[in-house]
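**Student:** Residue numbers are given in the UniProt record's numbering: position 92 of the sequence shown equals residue 92, and the series is strictly consecutive.
Among the clues, some could well be false.
[As the list claims (entries may be wrong)] Derived CB-CB ranges, DEER-like:
#1 G49 - T89: 22 to 32 Å
#2 W25 - E86: 18 to 28 Å
#3 S56 - W18: 14 to 24 Å
#4 V72 - R104: 36 to 46 Å
#5 E73 - L101: 18 to 28 Å
#6 V80 - A34: 17 to 27 Å
#7 S83 - W18: 17 to 27 Å
None of these hints come from the bench; they were simulated from the model. Quantities reported herein were computed from a predicted structural model and do not represent experimental measurements. Don't be surprised by glycine CBs; every beta carbon is placed ideally from N, CA and C.
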Amino acid sequence: MKESLIETTYSTEWSGIWQVLGCKWTFHILRFLAVQDAQFNQIQTAIDGLPASTLSTRLKALEEERIVSRTVEDSSPPTVEYSLTEKGTELAAIIEQIEELESRYA
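Between the sequences and the hints, there should be enough to build the whole structure, so can you do that?
**Tutor:** Here it is in structure tokens:
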């Protein structure tokens, strides 16, 4: 007999990821970082309409979920570069598959 969805116990391990992915601009940021590592201003310039405060919030959340890595380079002035982690790279591949599916059935 099929188990009711209400009775099913789900792991909450991915709940943080789902919260981050559900936020506006997150997919755009991930798609950009899937192509290249970038500094804050490069990301903001590339994604039209993305406010700096929103980008900062999303990058922090993606970092907390270990989807994005933040690297501070010891230079003058110091530079900060963002890149996808292994987890982020896997997630970007899934997003690409979803986009391909959408384009096939659009």
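**Student:** Would you mind marking each hint as holding or not holding in the structure?
**Tutor:** Right, here's what the structure says about each hint:
{"no.": "1", "hint": "G49 - T89: 22 to 32 Å", "result": "holds (26 Å)"}
{"no.": "2", "hint": "W25 - E86: 18 to 28 Å", "result": "holds (23 Å)"}
{"no.": "3", "hint": "S56 - W18: 14 to 24 Å", "result": "holds (21 Å)"}
{"no.": "4", "hint": "V72 - R104: 36 to 46 Å", "result": "holds (41 Å)"}
{"no.": "5", "hint": "E73 - L101: 18 to 28 Å", "result": "violated (38 Å)"}
{"no.": "6", "hint": "V80 - A34: 17 to 27 Å", "result": "holds (19 Å)"}
{"no.": "7", "hint": "S83 - W18: 17 to 27 Å", "result": "holds (22 Å)"}
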